[in-house]
Amino acid sequence: MYGISKDKYTGALELPIRVYNTATKSMEKMTLLKAGLARGYVCGLTPQDSMHVGHARTIVFFDVFRRYLEYLGLDARLVTNFTDIDDKIIDKAKQEFRDDAIERWYEVPKRYMEEYFNVIDALYVKRAYAYPKVTDNIGDMLKWIDMLIKKNAAYIANGSVYFDISKVPGYGDFSGQKIEELEAGARVEPEPGKRGNLDFALWKAWKEGEPWWSSPWSPGRPGWHLECVVMSTKYLGAPFDFHGGGQDLVFPHHENEVAIARIAFGVKYFARYWMHVGYVTMGGEKMSKSLGNVITAREALSKFDGEALRLYYLMTHYRKPMEFTMDGLESVQATLRGLYASYDYVIQLMNEAKDEGGADDEAMKIVIDHMIKIEEALNDDMNTPQAVSSLVALSNYVNSQVLHRGDKLSRYALSSMMDVLSYVGQIFGIFNKTMLPPRLVDAINVMVTIRQKLREAKQFEAADEIRRRLEDMGIMLNDAGKRTYWFVDRQRLR
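Here the sequence shown is numbered in our numbering, starting from 30 and rising by one per residue.
These aren't lab readings, by the way, just hints derived from the structure by calculation. Each hint should be verified, as a subset may be incorrect.
Here are the in silico distance ranges between beta carbons for each label pair [claimed, not checked]:
no., residue 1, residue 2, range
1, 156, 267, 22 to 28 Å
2, 487, 350, 55 to 61 Å
3, 464, 205, 44 to 50 Å
4, 493, 367, 19 to 25 Å
5, 462, 506, 15 to 21 Å
6, 397, 125, 54 to 60 Å
7, 455, 57, 21 to 27 Å
8, 146, 314, 25 to 31 Å
9, 43, 464, 35 to 41 Å
10, 472, 319, 51 to 57 Å
11, 465, 205, 50 to 56 Å
12, 57, 501, 52 to 58 Å
Pairs of lysine-lysine, DSSO-like flavour, derived with a Cα cap of 30 Å [as the list claims (entries may be wrong)]:
no., residue 1, residue 2
13, 462, 155
14, 179, 297
15, 117, 223
Since the model is a prediction, treat every value here as computed from it, not as a measurement. Glycine included, every Cβ here is placed at the ideal spot set by N, Cα and C.
Please model the entire structure based on the sequences and the hints provided.
Laid out in structure tokens, this is it:
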């Protein structure tokens with residue numbers, strides 16, 4: 030009906046989307062490895078504290094990307110992990126539990142993983158295909174380490190196992206780094222037996238006061254860079270379609286994932302497209318706990334609706350840094366209010382429309398043009414700011430012109446508007462609260478009808494009192510000629 034048939038790409042390899050590939054540093058047309066199936070992995074959280082709004086930005090972006098792939102008719106399998114054992118988790122457990130840390134360390138990741146799911150539900154993020162945890166996949170990691178040792182790409186030193194980056198052809202090209210410069214600026218880790226400054230641990234030998242797992246080399250635990258390449262390929266195969274995360278993961282994490290996979294699979298990149306989300310800043314500085322400029326996602330959601338936070342993220346292109354302010358979020362919440370107004374207005378117009386209507390050619394052209402512009406924007410490296418702009422323009426058209434035109438549009442034209450609003454709502458993850466209880470709708474309509482009769486009887490003071498009472502409830506009225514339309518300010522009904 031619009032720019033793209035929703036089932037056109039169900040069995041396709043080539044997609045209309047162009048994405049910026051970090052690995053090749055170029056824009057590329059997206060082609061799937063298996064027809065109709067898009068497989069992606071996004072590096073998840075180390076659950077040792079509450080996620081902040083920077084983490085949430087990455088999560089929301091890949092949720093929107095996954096939703097757009099599904100809009101194209103694809104089966105989108107998105108996997109994201111939890112690094113549920115890590116130095117920071119151990120340190121947090123020692124701070125909280127002191128002498129009991131070795132027995133109770135797991136309570137830290139358990140707590141923050143539960144909070145993670147509460148936050149993503151509040152953000153209307155669709156659940157992933159799988160949420161693998163490091164502690165559930167240590168057996169697979171041991172097999173990988175053994176394989177890398179046998180391939181002469183890893184060595185044992187004092188019970189730890191290190192990956193030898195000198196064995197990897199083209200190490201550094203993924204992130205655009207030069208090995209000589211990296212080695213010159215590398216911080217020398219206090220790890221006896223490590224041969225090269227850039228070599229990294231695949232297995233960390235046990236230290237007193239830490240949890241441990243058995244291995245052929247020593248009691249200990251796996252290293253960070255190994256974990257994601259093992260879990261991603263376990264659930265998605267190798268190679269798979271896209272791999273993502275925050276901009277801060279390009280080096281060393283994703284560089285080292287690529288290095289491990291080159292030895293394991295003999296391929297240059299074990300994921301075809303690599304996508305990275307820009308930093309969230311406050312006061313021009315990257316948000317980080319060390320700087321103390323962190324706003325947690327839970328804090329933001331205590332003040333603003335999850336849909337408003339989603340829309341706020343989408344107003345900046347995902348690869349660009351984003352300056353986060355509460356004032357900016359407040360402004361976006363007002364924009365969301367206008368989008369919901371147009372949604373409610375179209376429903377009411379459809380309910381009173383007849384099959385025949387006025388001249389629809391211009392309205393239909395406007396509706397279709399906006400949907401095409403939204404699709405074109407999303408196909409252009411997920412240009413969500415432009416797509417949001419087109420959605421807002423369509424909403425403004427409904428609120429300012431469709432509602433006030435003398436001749437009514439046909440039901441077909443109005444249903445086309447509703448299709449666009451619904452499709453884009455599904456992609457952006459908004460309009461989740463469009464269904465109102467029938468009794469509430471009936472009550473609002475009764476009050477609006479009574480107010481209209483009072484106005485006709487010139488009892489304006491009583492009519493204004495009804496308007497004030499409705500607005501106190503979050504029901505906003507719009508008088509369009511002799512007809513009154515209403516929309517619900519859903520933020521006020523939270």
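If you test the structure against every hint from before, which numbers come out violated? The structure breaks none of the hints.
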